[in-house]
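Engineer: Residue-level listing of the chains:
4 protein chains.
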Amino acid sequence: MKALVYHGPGKKSWEEKPKPGITEATDAIVKIYKTTICGTDLHILKGDVPEVTDGRILGHEGVGIIEEVGTAVTDFKKGDRVLISCISSCGKCEYCKKGMYSHCTKGGWILGHLIDGTQAEFVRIPFADNSLYHIPENVDEEAVVMLSDILPTGFECGVLNGQIKPGDTVAIVGAGPIGLAVLLTAQFYTPSLIIMVDVDDYRLQETMKFGATHTINSQKEDAVAKIFELTEKKGVDVAIEAVGIPATFELCESIIAPGGHIANIGVHGKSVALHLETSWSKNITITTRLVDTVTTPMLLKTVSSKKIDPTKLITHHFPLQNIIEAYDTFQNAARDKTLKVILTNDSEK
Amino acid sequence: MKALVYHGPGKKSWEEKPKPGITEATDAIVKIYKTTICGTDLHILKGDVPEVTDGRILGHEGVGIIEEVGTAVTDFKKGDRVLISCISSCGKCEYCKKGMYSHCTKGGWILGHLIDGTQAEFVRIPFADNSLYHIPENVDEEAVVMLSDILPTGFECGVLNGQIKPGDTVAIVGAGPIGLAVLLTAQFYTPSLIIMVDVDDYRLQETMKFGATHTINSQKEDAVAKIFELTEKKGVDVAIEAVGIPATFELCESIIAPGGHIANIGVHGKSVALHLETSWSKNITITTRLVDTVTTPMLLKTVSSKKIDPTKLITHHFPLQNIIEAYDTFQNAARDKTLKVILTNDSEK
Amino acid sequence: MKALVYHGPGKKSWEEKPKPGITEATDAIVKIYKTTICGTDLHILKGDVPEVTDGRILGHEGVGIIEEVGTAVTDFKKGDRVLISCISSCGKCEYCKKGMYSHCTKGGWILGHLIDGTQAEFVRIPFADNSLYHIPENVDEEAVVMLSDILPTGFECGVLNGQIKPGDTVAIVGAGPIGLAVLLTAQFYTPSLIIMVDVDDYRLQETMKFGATHTINSQKEDAVAKIFELTEKKGVDVAIEAVGIPATFELCESIIAPGGHIANIGVHGKSVALHLETSWSKNITITTRLVDTVTTPMLLKTVSSKKIDPTKLITHHFPLQNIIEAYDTFQNAARDKTLKVILTNDSEK
Amino acid sequence: MKALVYHGPGKKSWEEKPKPGITEATDAIVKIYKTTICGTDLHILKGDVPEVTDGRILGHEGVGIIEEVGTAVTDFKKGDRVLISCISSCGKCEYCKKGMYSHCTKGGWILGHLIDGTQAEFVRIPFADNSLYHIPENVDEEAVVMLSDILPTGFECGVLNGQIKPGDTVAIVGAGPIGLAVLLTAQFYTPSLIIMVDVDDYRLQETMKFGATHTINSQKEDAVAKIFELTEKKGVDVAIEAVGIPATFELCESIIAPGGHIANIGVHGKSVALHLETSWSKNITITTRLVDTVTTPMLLKTVSSKKIDPTKLITHHFPLQNIIEAYDTFQNAARDKTLKVILTNDSEK
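Residue numbers (my numbering), protein chains in the order written: chain F, 1 to 349; chain D, 1 to 349; chain B, 1 to 349; chain A, 1 to 349.
Simulated from the structure, these hints should not be mistaken for laboratory data. Fair warning: there could be bad hints in the mix.
Repeated chains share a single entry, so a pair holds when one copy, or any two copies, can fit it.
[Claimed, not checked] Only pairs whose alpha carbons sit at most 27 angstroms apart, straight line, appear in this in silico DSS-like list of lysine-lysine:
1. Lys19 - Lys106
2. Lys78 - Lys233
3. Lys226 - Lys98
4. Lys77 - Lys97
5. Lys282 - Lys77
6. Lys165 - Lys98
7. Lys11 - Lys78
8. Lys233 - Lys270
9. Lys97 - Lys306
10. Lys233 - Lys307
11. Lys233 - Lys97
12. Lys282 - Lys46
13. Lys2 - Lys209
14. Lys233 - Lys2
15. Lys270 - Lys234
16. Lys12 - Lys2
17. Lys233 - Lys98
18. Lys307 - Lys165
19. Lys78 - Lys106
20. Lys209 - Lys312
21. Lys98 - Lys31
22. Lys11 - Lys307
23. Lys209 - Lys306
24. Lys209 - Lys307
25. Lys226 - Lys106
26. Lys209 - Lys165
Here the structure is a predicted model, which is why all the values come from computation and not from measurement.
Just chain F, same shape as in the assembly:
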């Protein structure tokens, strides 16, 4: 089969690889129908994720059709249409039992990371019964690709951890795909104000179509001053960090109201200054989280009942074999006005 293979920092190629087979009784082999590219894939290509070694097939998102299942798989069979979760869950360990699949002792984020991933014609999925989901009849498969990672990430790490409530004031710092996933799912809880902060005017303008109530270009405006002005000088109830650098986290610290929640989603490369000299008495809560995908069944219900339309996040389409071109478009997001790309395995048609 063909797959997108990592060959060390900066190097990737679309090349022939052996088709995967069942290695454990709990495995499934899935023929990929549609997949996408994640910001994390770009991090890997920069060499920021040293656990990923030469020869690894990338990708941890996608939908497909079951090709084969191991003897212990009971809930899926050949021919089933499935959503692949970016997180593999054994369903048995201490963490899985607590719903913290991200820390599964045998799984977690392993696809396209510690084992071969989904940017390929076929993929082996471990712990299939706990890591795949049936796609309801009436649901658009491209919408469902957004549920592999980006939507649960925005929802769990941002919205749930931020504890957004009806009437709340919310700031989302970062209007990339993750920030937009937060924006879409934040509206499940009817906040009164959603302020998007970014440095790209095009993206900010787009967010108004996704439900933002206000936007701030933090390179052109004083974000702190404007947010206090919008919130009766209190700051926001919930600030969500969706970038991953010290400046954006510290912005969240600057704009949080007493009693508020800062939910970090960004993948940080260095430590940030936590200003306890002012915040020790502010009754604030800060959370971190790697997505658990524990809300995937719930998100499927909201997609299936048309309460949310994740296809809004998709800006470009490519055949799977043109994945190198798709990476280029995804990497040049500002130039190409890219949010999420969809790669379709034509051999599946």
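Put chains D, B and A on the given structure of chain F with help from the hints.
Structural biologist: Same frame as chain F, now just chains D, B and A:
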């Protein structure tokens, strides 16, 4: 009347001051029976709290007897024995309605800070109906003095914010009076392990009498290594910072298990490094809080029903007029093996 | 002034009464601008609420303008536009401190019940600082009248107690004004399915405009069978009783899924059969509640930010002096297709 | 092997049965070391549980040693000492993922009910990885037998569902083994008052040793009056039904304070009267639950750390082959002052 008056950094005196009178209809005047000294009073004397100005009577803890009430006070009358909360709550503002009395727009921590305090023969208490509590018949008044500040602080900022559950592993960093208040109230939730970390062997040894299961002198032992050893290499479910310096907060970051809670209580003077480069994916929660004293009624029930004995925290007694000597003992805690001191107003006998 | 006065079962009149004055320092006198009629007022007129005695002015909802305040009122002054809560809260008692204003030891539901109410030109409001709310500049006063009682009732007793979550399946039994208030506020949490059950086709048809996804006329269809069909044979996650008779409560018992929540709102006159012989093992939760109006500030934010439009509930308008005619229209809801009526005090124009 | 076999209402025998073998890859065969008898076993013998058919081996509690595991079992191996949960959990279905193992679509309570149980020399355990627990080194096996069913039942259905908090007032209606399991685990949360209600003076007297603060013999005293007297005329914050008949449930309704929680544990044979005519406005919560055993790992930690001693519940010991005699003792609890019995498989020595 006599009172302990602040005269700028390093200067205090026991001197004659005018007896306070009712200024608002919601005020009460309380004759102090017993009061104590808080670590915060020492901070003020160092000049760390610049809002406290020359001439201010210090103190924000105590029990006493109602001398007089304003016309709008309905729940207290002359002669009632009362607990004085360190936090004044108007009962009407947005924050008070949410139970966040610490951020009351008209009150909060003002006693011995922005208005005259309790280290005096009499004190004026604003918003008396919402800031005083009746002392049940059978309850020791010295136990109740511990409920003005230290016990709700340990319980709310440490135990509740840390979300201690039965079976949890807990580390309390700092074995001073606040750390001990956490230790006492943490046991309300039956954790399986309570590890005390400090640098004073005497205090650590004392904590075993208060219910600690393990102690670590972090100057003599590798606290991180020992805590991982005690917790099956996972770290603790809850880490509570009860010191207020970067080293102790960062120790909490080093020992927290995935999914764990770090509850900060310490009053910090500078920022700390938040290691998001490792913790972004650890699903942790960090909280800060100024005590709200919203749990005072509940704590009174646990004292009244003998579920907790706060008098264990009291090591020294002085007549109120010897308060200068009491400060010396409290400031030299290691030398005098001091935890909390009780000052009794003899004129009350 | 003129007022609507109760004179025993079946008897009411619009008559001259003395204008109320301040009796406690915490009182305010409010000139009524707009008020409405509640189903509870009809219960009173039937004689079902014996605490209401001859001579009582009815009504517990409305907006108006402050005419005068007592000396202890600090947050309101003459001329302020205010929302009157149906629940009076002292802000000091054990229950008020817990946010359970409905059980306030000095207040609770007293307006138009134990003291004179709002169906009058003026009303005395006890505990004004804790029982009135400022009306934001941009908000329609008729929308706000719906926040005196009906919206917090639907939201607190139905939606919050039912713990509606995104993706949930919800059945609301009863499509009267309270059921519709549930329907409007349930959507704050984005359930996937909202099934309305009633016996009046017109009302059911109207609910589709309010956001219902399905309707069932339980006189014409087998409600239980249809609900199981709509919910993959599981029953609903949340069933809300908004009628107050045994049949509707037992319907809720019949349609609840394992792990589900039944939230009772209805005012019941007799006991119902709780089928523990089947439900003991179903992991269900049943709640009862008299509205606390603790969410009024939050609801004001959602109205102010246009997340909800409570004026949809208003079907008829009358001048206040035509209140007898308004009662007739409200009592004959099916005949006149009445939901909520608005009574405007013309003297206020 | 030998086993206790059900032969229709009133009939049981200790007889030879084939030793079970692995039938699914997720099975384990456990050699029973210790087991016990449950009130539910008596119900079965009365014929109250018609799903149990002639020939079924009874029992759903016990500890043992792994004899053999299926090919898909990864966390257990021959020779491991294990706790058998009364609830079998597949770990994959919608309910298991929510922690509601009691409603597992393939498991739930099936042992000694729909499949052969633990009152035998060997038992087949389905879904072994999710239904067995390793026994820590230092823990008494007889203590652990209490964790198969009775302790998680008391804790989950009573204490957790009742939401007991520090300082709460609690009434436990029924002082049988389940009521005592509630009493033991309620103390994890430090209530101020625990009132035991029963009709057997011996059992009531015993409860004082388990931590009860007050006892009421409801045949000799007016339980409602006494409970109001003990709770400042408010009623209890939490009432736990541990009997399963209308009178005891209605007693819970009569003694609950506004805002309180009634947690039903009892297995009811008929419906009870829910007095909504008085409770509709009392802001109460009623819960039902079949034990999920989701707290078993946590309970093991509290036993392992000596925070609780479940062996207090054990009053009698028998060799496994004397199980008929053990049933007699368990059935005549009042005569023999029986709480829980332990049956030991001597062949294991």
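Engineer: Please work out whether the CA atoms of Lys307 and Lys165 approach to 27 angstroms or closer within one copy, between two copies, in both situations, or in neither?
Structural biologist: Answer is both: 17 angstroms inside a copy and 13 angstroms across each meet the 27 angstroms cutoff.
Engineer: Between Lys19 and Lys106, at a C-alpha cutoff of 27 angstroms, which is it: within one copy, between copies, both, or neither?
Structural biologist: Answer is within; shortest intra-copy Cα gap is 23 angstroms, inter-copy 34 angstroms.
Engineer: Check Lys12 against Lys2 for me: Cα-Cα at most 27 angstroms, and say if that holds within a copy, between copies, both or neither.
Structural biologist: Classified as within: same-chain Cα gap 13 angstroms, cross-chain 64 angstroms, threshold 27 angstroms.
Engineer: Checking an output row: Lys209 and Lys165, CA cutoff 27 angstroms. Within, between, both or neither?
Structural biologist: Cα proximity of Lys209 and Lys165: in one copy and across copies (21 angstroms, 25 angstroms).
Engineer: 27 angstroms Cα cut-off: does Lys165 pair with Lys98 within a copy, between copies, both or neither?
Structural biologist: The answer is both: 24 angstroms in one copy and 14 angstroms across copies each meet 27 angstroms.
Engineer: As a check of your reading, is Lys282 near Lys77 (CA-CA no more than 27 angstroms) within one copy, between copies, both or neither?
Structural biologist: neither (53 angstroms within a copy, 31 angstroms between copies)
Engineer: Cα distance capped at 27 angstroms. Does Lys78 pair with Lys233 within a copy, between copies, both, or neither?
Structural biologist: between (58 angstroms within a copy, 26 angstroms between copies)
Engineer: How would you label the pair Lys209, Lys307 (within, between, both, or neither) given a Cα cut-off of 27 angstroms?
Structural biologist: both (15 angstroms within a copy, 16 angstroms between copies)
Engineer: Between Lys233 and Lys307, at a C-alpha cutoff of 27 angstroms, which is it: within one copy, between copies, both, or neither?
Structural biologist: between (33 angstroms within a copy, 22 angstroms between copies)
Engineer: Regarding Lys209 and Lys312, is the shortest C-alpha distance of 27 angstroms or less found within a copy, between copies, in both, or in neither?
Structural biologist: The answer is both: 9 angstroms in one copy and 26 angstroms across copies each meet 27 angstroms.
Engineer: At most 27 angstroms between alpha carbons: which applies to Lys78 and Lys106, within, between, both or neither?
Structural biologist: Close inside one copy (25 angstroms) and across copies (21 angstroms); limit 27 angstroms.
Engineer: Within a copy, between copies, both or neither: where do Lys226 and Lys98 come within 27 angstroms Cα-Cα?
Structural biologist: Classified as between: cross-chain Cα gap 26 angstroms, same-chain 40 angstroms, threshold 27 angstroms.
Of the hints listed earlier, those the structure fails to meet are numbers 5, 7, 13, 14, 21, 22, in rising order.
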